[in-house]
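Undergrad: Chain by chain, the residues:
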Amino acid sequence: AQKVTQAQTEISVVEKEDVTLDCVYETRDTTYYLFWYKQPPSGELVFLIRRNSFDEQNEISGRYSWNFQKSTSSFNFTITASQVVDSAVYFCALRGILYSTLTFGKGTMLLVSP
Amino acid sequence: DAGVIQSPRHEVTEMGQEVTLRCKPISGHDYLFWYRQTMMRGLELLIYFNNNVPIDDSGMPEDRFSAKMPNASFSTLKIQPSEPRDSAVYFCASSLGRDRGRTNEKLFFGSGTQLSVL
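Taken in order, these protein sequences are the chains called A and B.
Numbered according to the numbering used here, the first sequence terminates at residue 303, and the numbering increases by one at each position without gaps.
Numbered according to the numbering used here, the second sequence terminates at residue 139, and the numbering increases by one at each position without gaps.
Don't read these hints as lab results, they were simulated from the structure.
By construction, the Cβ of each residue, glycine as well, lies at the ideal position given by its N, Cα and C atoms.
Treat the hints with care, since some could be wrong.
To be verified - Derived contacts from chain B toward chain A, CB cut-off under 7 angstroms, selection only:
(1) Leu64
(2) Leu66
(3) Pro82
(4) Arg85
(5) Phe130
(6) Ser132
(7) Gly133
Make the full structure from the sequences, and use the hints.
TA: Written as structure tokens, this is what we have:
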């Protein structure tokens, strides 16, 4: 079975603060893929990143960075110098090699205040 | 590219009525997914299709739910009869199963249908 846990239901920060969204996963597969999606107030989910289980190199894209730690089964997402436009619900997701579909966490609502 | 198009954007209906949600995937995508989002349960996969064929409908909650994909550019999710507990946001998503020889799970989501069953 696959499981994704996003323990933080809601986070509130003030603009320009750094914020980290936690994601812990469970899978029996030795090969798997991890994802982050963003759901802005408009509703549709937007793909942010996909990582393979055999690539633990951290990734940075502008103000976004992802920390993949296989030893702790975590795939955390950090936004540096947060902005109001970052306000959204963020979903972590997992697909094991034996599964054809994604398992999503319940999401973390991020509210960035000016 | 128009993206995944869902209609209607909002649907309010009375208990017992039939509800039909519609989805047009991105042209060329061979996978189509129906998800339901609620506060309590988060995002749940209901069913997905590959090349118009239903592959896994184990997430469909009850026989009241049915989904079809008559062609590559159209899918429907029907609830008959609807119940208040069906109230949720229903998302359709599509993806290209193979991208340059690699499985590509990058899902493109529609804007969702907000369903309220009174």
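Undergrad: Against this structure, judge whether each hint is valid.
TA: Checked hints:
The interface hint given for leucine 64 of chain B holds, since its Cβ lies 4 angstroms from the closest Cβ of chain A, which is under the 7 angstroms cut-off. At about 5 angstroms, the closest approach between the beta carbon of leucine 66 of chain B and any beta carbon in chain A falls short of 7 angstroms, and the interface hint on this residue holds. Evaluation of the proline 82 of chain B hint against chain A yields a violated restraint, the C-beta minimum of about 16 angstroms exceeding 7 angstroms. A cut of 7 angstroms between beta carbons decides the hint on arginine 85 of chain B: the least distance to chain A is about 22 angstroms, and the hint is violated.
The closest approach between the C-beta of phenylalanine 130 of chain B and any C-beta of chain A is roughly 4 angstroms, which is under the 7 angstroms cut-off, so the hint is satisfied. Taking 7 angstroms as the C-beta cut-off, the interface hint given for serine 132 of chain B holds, the closest approach to chain A being about 5 angstroms. Contact between glycine 133 of chain B and chain A, as hinted, is supported at the beta carbon level, the nearest pair being about 5 angstroms apart and thus within 7 angstroms.
Hints 3 and 4 from the list above are not met by this structure, while the remaining hints are.
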